[in-house]
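Undergrad: Residue-level listing of the chains:
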Amino acid sequence: DAKTTQPTSMDCAEGRAANLPCNHSTISGNEYVYWYRQIHSQGPQYIIHGLKNNETNEMASLIITEDRKSSTLILPHATLRDTAVYYCIVSSGPDYGQNFVFGPGTRLSVLP
Amino acid sequence: DAGVIQSPRHEVTEMGQEVTLRCKPISGHNSLFWYRQTMMRGLELLIYFNNNVPIDDSGMPEDRFSAKMPNASFSTLKIQPSEPRDSAVYFCASSWTGGSNQPQHFGDGTRLSIL
Numbered sequence: 316d317a318k319t320t321q322p323t324s325m326d327c328a329e330g331r332a333a334n335l336p337c338n339h340s341t342i343s344g345n346e347y348v349y350w351y352r353q354i355h356s357q358g359p360q361y362i363i364h365g366l367k368n369n370e371t372n373e374m375a376s377l378i379i380t381e382d383r384k385s386s387t388l389i390l391p392h393a394t395l396r397d398t399a400v401y402y403c404i405v406s407s408g409p410d411y412g413q414n415f416v417f418g419p420g421t422r423l424s425v426l427p
Numbered sequence: 009d010a011g012v013i014q015s016p017r018h019e020v021t022e023m024g025q026e027v028t029l030r031c032k033p034i035s036g037h038n039s040l041f042w043y044r045q046t047m048m049r050g051l052e053l054l055i056y057f058n059n060n061v062p063i064d065d066s067g068m069p070e071d072r073f074s075a076k077m078p079n080a081s082f083s084t085l086k087i088q089p090s091e092p093r094d095s096a097v098y099f100c101a102s103s104w105t106g107g108s109n110q111p112q113h114f115g116d117g118t119r120l121s122i123l
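Note that the protein sequences, when read in sequence, are chains A and B.
Residue 427 is where the first sequence ends in this note's numbering, and the numbering goes up by one at each step.
Residue 123 is where the second sequence ends in this note's numbering, and the numbering goes up by one at each step.
The reader is advised that the hints may include incorrect statements.
[As the list claims (entries may be wrong)] Computed from the model, here is a short list of chain A residues facing chain B with C-beta under 10 Å: (1) G344; (2) Q353; (3) Q360; (4) E373; (5) S407; (6) G408.
[To be verified] Stretch by stretch, here's where chain A covers chain B in the computed footprint (C-beta under 8 Å, at least three residues): (7) 51-57; (8) 110-117.
Simulated from the structure, these hints should not be mistaken for laboratory data.
In this text, a Cβ means the ideal position worked out from N, Cα and C, and glycines have one as well.
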């Protein structure tokens with residue numbers, strides 16, 4: 316079973332920031348938070364990951380709470396092409412015997 | 009840089025036939041993963057290779073499924089004999105695993121339909 320909880324769906328207006336929450340209250344000290352998205356009929360696309368510090372790249376920002384029990388993925392200026400299913404995954408990685416477990420994710424709809 | 013390459017993109021075949029799916033991981037990656045995605049069960053890990061050796065095959069559904077990685081640049085997932093319930097999208101992913109928690113990168117998948 317996935318170790319994360321995400322809302323089933325969200326809407327966001329084009330041009331606005333999309334804030335996607337994820338709860339991972341049982342996260343362990345060596346587990347990272349990964350975010351992927353899947354646009355219809357394509358393979359999951361890596362977005363960002365982090366351990367405890369906030370992270371930012373060209374696609375998004377990841378905000379992890381101080382207790383690490385939840386996180387938020389932020390798409391600063393959502394476009395129609397950001398419409399996808401977004402997956403939050405918690406894992407220490409296969410080096411530690413832990414592979415990815417994908418839950419149902421959040422279906423984000425960016426509206427014009 | 010080339011990403012993970014899977015072939016074929018689509019496969020339609022009749023029940024009982026052998027099906028072979030192919031994957032070329034990203035050059036330099038030492039881990040390869042096969043996943044299956046269906047509407048009912050979502051995205052599931054089937055098998056994980058590290059340095060060409062199968063490490064975890066607990067997700068392989070039954071003996072009709074087999075996977076090989078003869079070298080660092082090629083892997084196959086074979087289903088023999090195929091059944092209609094094997095219809096799904098099969099994804100291959102690769103990553104570098106060396107204690108640095110690098111992400112997995114996915115191919116665009118093979119959409120398999122068994123009639």
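Undergrad: Look at each hint and say if it fits the structure.
TA: Results for each hint:
no., hint, result
1, G344, "13 Å, violated"
2, Q353, "8 Å, holds"
3, Q360, "7 Å, holds"
4, E373, "15 Å, violated"
5, S407, "8 Å, holds"
6, G408, "5 Å, holds"
7, 51-57, "holds (count 4)"
8, 110-117, "holds (count 7)"
In terms of the numbered hints stated before, the structure departs from hints 1 and 4, listed from lowest to highest.
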